[in-house]
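Participant: The lines below spell out each chain.
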Amino acid sequence: TQLLEQSPQFLSIQEGENLTVYCNSSSVFSSLQWYRQEPGEGPVLLVTVVTGGEVKKLKRLTFQFGDARKDSSLHITAAQPGDTGLYLCAGLYNFNKFYFGSGTKLNVKP
Amino acid sequence: SAVISQKPSRDICQRGTSLTIQCQVDSQVTMMFWYRQQPGQSLTLIATANQGSEATYESGFVIDKFPISRPNLTFSTLTVSNLSPEDSSIYLCSVNANFGQGETYEQYFGPGTRLTVT
Numbered sequence: 031t032q033l034l035e036q037s038p039q040f041l042s043i044q045e046g047e048n049l050t051v052y053c054n055s056s057s058v059f060s061s062l063q064w065y066r067q068e069p070g071e072g073p074v075l076l077v078t079v080v081t082g083g084e085v086k087k088l089k090r091l092t093f094q095f096g097d098a099r100k101d102s103s104l105h106i107t108a109a110q111p112g113d114t115g116l117y118l119c120a121g122l123y124n125f126n127k128f129y130f131g132s133g134t135k136l137n138v139k140p
Numbered sequence: 002s003a004v005i006s007q008k009p010s011r012d013i014c015q016r017g018t019s020l021t022i023q024c025q026v027d028s029q030v031t032m033m034f035w036y037r038q039q040p041g042q043s044l045t046l047i048a049t050a051n052q053g054s055e056a057t058y059e060s061g062f063v064i065d066k067f068p069i070s071r072p073n074l075t076f077s078t079l080t081v082s083n084l085s086p087e088d089s090s091i092y093l094c095s096v097n098a099n100f101g102q103g104e105t106y107e108q109y110f111g112p113g114t115r116l117t118v119t
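The listed protein sequences correspond, in order, to chains A and B.
Using our numbering, read the first sequence as starting at 31 and increasing by one per residue.
Using our numbering, read the second sequence as starting at 2 and increasing by one per residue.
Bound-form chain B, shown alone (with noise of 0.2 angstroms):
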């Protein structure tokens, strides 16, 4: 299995400023996934973040307004930027790992990070 912190746990925040995320996670993984959350709803994936290339992003979500970053096979970090009460949202980090299951893929989430936008 992964373990996978996230700092800040929580944040609030005012409109117009960003919060950036921090991943870390206890092993190296190739893929890292960011998450978006909406208080007892569903998980949307925003991003896939891949190591030493550019994120993919999934419909609906831009680069400009989720930037990512992602240095090494442990670290990511996601940022919302030009923040707006409708990102008030719970952001999780995941990692896809295979850790010798053969072909089954898994994935782990971290506690995730509860942003209100004031």
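Chain A extracted, bound-state conformation (with noise of 0.2 angstroms):
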């Protein structure tokens, strides 16, 4: 059972194209980080977001967290074949454990 749901789960998109990865749960998080993957690798950290209706940009990414601390999201602005990977979306509960969503696989076609 994932405390974190994913969505879309898969995305082939054309390079230049926006995207949003939507991340969802009905628990409460101390914080949220948003990791990217790529084959062979373990994840590697994006952001953290910890403050409720906070906005965070990277480059050409922007990540938002709820209001209530529940959802996320991930948009990427010009989606390039380098952004290809698997998206991870981590709630950190009780301030101990980070729990993983269900992963999001990116595709993006030059």
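No lab work stands behind these hints, which were simulated from the structure alone.
Where is the CB? At the ideal position from N, CA and C, for every residue including glycine.
Take the hints with a grain of salt, since some may be wrong.
To be verified - The list that follows gives simulated cross-link-like pairs (lysine-lysine, BS3-like), each with its CA atoms no further than 27 angstroms apart:
{"id": "1", "chain 1": "A", "residue 1": "LYS127", "chain 2": "A", "residue 2": "LYS86"}
{"id": "2", "chain 1": "A", "residue 1": "LYS89", "chain 2": "B", "residue 2": "LYS8"}
{"id": "3", "chain 1": "B", "residue 1": "LYS8", "chain 2": "B", "residue 2": "LYS66"}
{"id": "4", "chain 1": "A", "residue 1": "LYS89", "chain 2": "A", "residue 2": "LYS135"}
{"id": "5", "chain 1": "B", "residue 1": "LYS8", "chain 2": "A", "residue 2": "LYS127"}
{"id": "6", "chain 1": "A", "residue 1": "LYS139", "chain 2": "A", "residue 2": "LYS87"}
As the list claims (entries may be wrong) - Chain B side only, calculated, beta carbon under 10 angstroms to chain A, not exhaustive:
{"id": "7", "residue": "GLN7"}
{"id": "8", "residue": "THR31"}
{"id": "9", "residue": "LEU44"}
{"id": "10", "residue": "PHE62"}
{"id": "11", "residue": "PHE110"}
{"id": "12", "residue": "ARG115"}
Now that you have both chains on their own, put them together as the hints suggest.
Facilitator: Structure, rendered in structure tokens:
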């Protein structure tokens, strides 16, 4: 059972398109993180959001934490083939454990 | 940040045997975590390895199948026992660390150990 559900599960788009990945839960999290993982490697942390309603930008990536700290979104503007990977959200629960979302596989075609 | 190494990076094991995975961190951390990841899928938390006490296991994971050691603040091992093909997966070690960033904990991962059971 996953505490966090991500959607969509799969996304295949053309270079230059925009996309949004959603991460939803019925639980409240102390903070939430987004990761990107490439085959054969461990997940790499992209961002941590802590405050309800917080928005963080990392170049073409925009991350938002829901007001109630139960959900988050990742928006990518003008996607590039280098953005291809598995995107994972993870919520910090009880201040000590991270639980992962179901994952979104993104493929950006040149 | 934390730099985490795992050994072995991959292994092929016969069913019924066991594999022990080592995890080394370059700094002292209170909590270490072990995750399992089926190829292309998300991560499932197996257990939390606490130094000086028994590991705490998530629902569906038991100590007899996944014994864990945590002898000090920089090292942990996960053993996957009595292997079956269903145990074929990637096993990842992780640490939570504050590193002086206030209330925010960040999580760092090792590169993973890819296990194939034949």
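Participant: Take the hints in turn and mark each one as holding or not.
Facilitator: Here is how each hint holds up against the structure:
{"no.": "1", "hint": "A:LYS127 / A:LYS86", "verdict": "22 angstroms, holds"}
{"no.": "2", "hint": "A:LYS89 / B:LYS8", "verdict": "35 angstroms, violated"}
{"no.": "3", "hint": "B:LYS8 / B:LYS66", "verdict": "19 angstroms, holds"}
{"no.": "4", "hint": "A:LYS89 / A:LYS135", "verdict": "20 angstroms, holds"}
{"no.": "5", "hint": "B:LYS8 / A:LYS127", "verdict": "23 angstroms, holds"}
{"no.": "6", "hint": "A:LYS139 / A:LYS87", "verdict": "23 angstroms, holds"}
{"no.": "7", "hint": "GLN7", "verdict": "9 angstroms, holds"}
{"no.": "8", "hint": "THR31", "verdict": "9 angstroms, holds"}
{"no.": "9", "hint": "LEU44", "verdict": "4 angstroms, holds"}
{"no.": "10", "hint": "PHE62", "verdict": "13 angstroms, violated"}
{"no.": "11", "hint": "PHE110", "verdict": "3 angstroms, holds"}
{"no.": "12", "hint": "ARG115", "verdict": "8 angstroms, holds"}
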